[in-house]
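Visitor: Sequence:
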Amino acid sequence: MKIGIIGAGILGLAVAREMARTGAEVTVLDKEAEVAAHQTGHNSGVVHAGIYYTPGSLKATLCRDGMAMLREYCFEHRLPYEEVGKLVIASTRAERDGLRRIADRARENGVPGIAELDALGLREIEPDAVGVGAVYSPHTAITDFRAVARRLAADVEETGGSVRLSHPVRALRETPGGVEVLAGTGRFRFDRVISCAGLGTDRVAAMAKAGGDVRIVPFRGEYYRLAETAKGMVRGLIYPVPDPRYPFLGVHLTRRIDGEVLVGPNAVLALALEGYSWREISLRDLRQILTWPGTRRMAATHWRTGVKEVYGSLARRAFLSAARRYVPALTAKDIVRTEGGVRAQAVARDGRLLDDFAIDAHGPIVLVRNAPSPAATSSLAIARHIALTVRLPGTS
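In terms of the working numbering, the sequence shown opens at residue 15 and continues consecutively.
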C-alpha cells in the first residue's frame, strides 16, 4: 500500500514512521526545505504529563501514552530528555479551587507523582517562586522536538520511505484507485493520503473538497527569555492556573533543554497563517480567517481577552508583570525578546475553540483538523491512533 503524508512536522513524520513500520510504502511531502519548520520548530520543548486534559478525551489518553512512548524513543536514540518537573501555581486564594480541579483531573488521568503543595512546599521546588499553593508534576519533562523530528525523518528513510522537502502540494483529487497528488514538479499516486499540515490544514481540506465545520485560526505566541544573570531563578517549569474557557495555558516560565528560560507565550491573532510577527501580513490569509463565521463569533464572545492579549504583545511590562506574579524578583533588565511561534487552532462555526484533537476521514483522505499542544508530546501515540483509523494491513 502506498501512503502519502502531507506535512514534515513531528506529527507527520511520526505518522510516516508508524505507517512504514507496517510495511507501507510511505512518501512525506512538505513545502519547506527542512523538517519541523513551523509549529514543531517553534515549540518550547515541554513534554506534557497530561494534567490538564478532560478525562477520556483524545488529548488525555494520547498525551499519557505519547509521553511514555516519547520518553522511550528519546532514550533509545540518545536524544535529550530531562524530567525537570512542573509547578502549576495559584497566586491568589481565588485560584485555589481551579488548582484543586487540576490535581483531581491529573489523578483521574493517571499522571504519576502528583503532589499538592502549600506556599512553603512550592518554594522547596522553586526557591524564587511565590504563591498560595501549587500542584507539582515531577515527571513533566523537556526535550528538543526538532531533534526528535530529524530522527523520525531518518527512521522513515531507513525503512524505505521518502521525505520530499521543497514539495508544496498544489492539488489533489480522489481517483478510482486512491488519490492523485501534485506536489512540487511531481505527480504522485497513493492509496491513502494523511494530512498533518498544521497551519496549512484548510488549504489541503479545500483541495480534498472536505469543508467541514471547523477552520484553522492562527494565534501567534510571543516569548521573552531570561537574561543570563536571571536564568538561575527558574529550575524547571512554572505555570499559572489556566483559564478553563481557553485551550491556552497562559504566560509561564519554561526552562529549555538548551538552558534558556522562556517567558510566555501570549496568544494574539496572527495576520497570516505563518505570521510570526506583526510585520508578516497576508491579505489572502486574513480574508480566509475573517470571513469564517466562527472567527467573528469567537471575537464577539472573547473580545475583551483579545484586547488584553494585544496589549500584552505591545507592552513589555505586561509580560514582566505576568512573570513577576510567580517570580517577583525579576526586573525589566531580566527579560529579552526572543522568537515565538504560531499555533494552528481550530475554531468551530459557532465560535468555539476546539480543545481536543480532531481527526476526520474522508474516503481515502485522513485530515488532522486540530493538533495543537500537546501534539508534539503525543505524536507517537497519535500516529498509532491514526494507523488504526486508516486500517492498514498489519495494524490491529
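Do not rely on the hints blindly, as some may be mistaken.
As the list claims (entries may be wrong) - In the DSBU-like style, the derived pairs of lysine-lysine whose C-alpha atoms are separated by at most 30 Å in a straight line are:
hint	residue 1	residue 2
1	Lys45	Lys322
2	Lys45	Lys16
3	Lys223	Lys322
4	Lys322	Lys245
5	Lys223	Lys16
6	Lys245	Lys223
I should point out that these hints are in silico values taken from the structure, not numbers from a laboratory.
Visitor: Against each hint, give a clear statement of whether it holds in the structure.
Guide: Hint by hint, here is what the structure shows:
no., hint, verdict
1, Lys45 <-> Lys322, "violated, 35 Å"
2, Lys45 <-> Lys16, "holds, 20 Å"
3, Lys223 <-> Lys322, "violated, 37 Å"
4, Lys322 <-> Lys245, "holds, 27 Å"
5, Lys223 <-> Lys16, "holds, 21 Å"
6, Lys245 <-> Lys223, "violated, 49 Å"
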